[in-house]
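Novice: Since the structure of chain L is already known, use the hints to place chain Z on it.
Just so you know, the sequences run in chain order L and Z.
When you line the first sequence up against my numbering, it's residues 210 to 279, in that order.
When you line the second sequence up against my numbering, it's residues 395 to 848, in that order.
I should point out that these hints are in silico values taken from the structure, not numbers from a laboratory.
Please note: incorrect hints may appear among the correct ones.
Interface residues of chain Z toward chain L, partial, derived using beta-carbon atoms under 7 Å [to be verified]:
| id | residue |
| --- | --- |
| 1 | VAL526 |
| 2 | MET556 |
| 3 | PRO805 |
As the structure is a prediction and not an experimental result, all values here were calculated from the model.
No residue lacks a Cβ here, since even glycine has one placed at the ideal position from N, Cα and C.
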Amino acid sequence: MANVNAPMAGKLLSVDVKVGDTVKKNDPVATLEAMKMQIKVFAPADGKVAEIKAEAGANIDPSVVIMTLE
Amino acid sequence: MFFADYNDHQYGNWLVVIQIFMLDEGSGNNEMEAIMAVITNNDFLYNVFGGFTHFTWQSAVMILIGCTLIYLGAAKDYEPLLLVPIGFGCILANLPLTELIHVPRDGYVFNHSIQEALGEAGLMPFVEGARVVNEGILDVLYNAGIANELFPCLLFIGIGAMTDFGPLLQNPRVMLLGGAGQFGIFLTLMLALAIGYDKLEAICIAIIGACDGPTSIFITSMFNPALLGPISVAAYSYMSLVPLIQPPVMKLCTTKNEREFVMSYEMLTPVTQRTKILFPIVVTIVTLLIAPSGGALMGTLMFGNFLRECGAVGRLVQAAENEIANITTLFLGLTVGATMTGEVFLTAKTLGIFALGFIAICGDTAFGVFGAKLMNLFSKHKINPLIGASGISAFPMSARVAQKVGNEANPQNYLLMHAMGVNTSGQIGSVLTASVMIAIIGALQTMGVDLTIN
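Chain L extracted, bound-state conformation:
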């Protein structure tokens, strides 16, 4: 089980995967906006999306788990 935390403070624009999707390390899984810049959040490890914990539009920071991978 691996958590995908927000890499930095910002606004979560979209979650780009669904529960059950298989992802590989460095695949884009979400999009964050910080300083008017859209930043892709990349998967930290291979896995399957187990749960999506954050909603698009939310303000997030590194303590927030966006999704979990199993």
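Specialist: Here is chain Z on its own, set in the frame of chain L:
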């Protein structure tokens, strides 16, 4: 039958054309012959096709530059929010006879009502050779927001509202990199003096080295207003071209391993909300006591940040970081682009200014990166050298560049907020440097030192 003066390219030719269509069937042959004589006259043809006949090689070169900027912004994703309006503004300004903007500014007197009254009294124009013109829509924007620095300051409120100074507060040592980024100012000053620019000209050009548009305009207005056009264009152009200029220099100065180095946010100790609230107030008071001339820039940036951190004015924060920032970016980009006419841009002095500015930005970048490497030699907690390149005032473009280059090297690398800390300290550094220059020049002038001649 009324014949307009066909030498008036704006209106006269069209009046003649209208008269031809309004000619009733009963008109005599003499009138028709007179009209035919006018419309076959070379001057008439020259004016009726004015868009083509006034098109020069300078227009073509500048339109090409505008198209390149649009291509880089829209197709290559290099700062599209700035490069697209700048590129389009450049195209608009270089299409002949559009009268949207008049540059260089000192060649024109604008026809406001009070000036109209002075004109009727035979007192206009004040400047010999200046043309009295009506304001174009881009003139209105220029006077409303560029000439008086309002647009950059509005933008700074938005940027302050968007900025989390947490990384800087959590890692205050990166402020040293903001000092390293000021190297460009002094490098440019020495180079400009060596090339033969006057001392005050050299100082105005040197401030471009901080990549700081508002401060450049402020210094140039104070010491050499004649250079305001080229210097502000150079400063804003380089701010927008930072995404193009910095990456090759950053890559040249670092190894792949260095670029891949991940800087975590978790390693930093969180700062309290009270510290974040106090920070903009303390910085405003301390820096403006040291450098009062940086008030507009520092005051608006810190005001925006205080709105964000105080937590009581959510609607104002929303407006500052969205509506105000977006509208200002649009107008700023379009207007700055529109000052890039061939007449102003394609001259030896301007090209010299641009060449010096280019060297300065490259120097800033390289010294920032090497400053970070030097810091790593003496520090337990290593940093990614790429963030050193953000110690300039191009805010937040330079921090974004560090993020982009770092993320390309390693997708798990998110440098943005670390680079923001360096970028904000670079901004504070450039304003302080400019303010110190103003103080020193003022003191020298008070002592009677002649600074106008080399």
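Novice: Now look at each hint and say whether the structure bears it out.
Specialist: The hints, checked one at a time:
no.	hint	result
1	VAL526	41 Å, violated
2	MET556	6 Å, holds
3	PRO805	4 Å, holds
Checked against the numbered hints given earlier, this structure breaks only hint 1.
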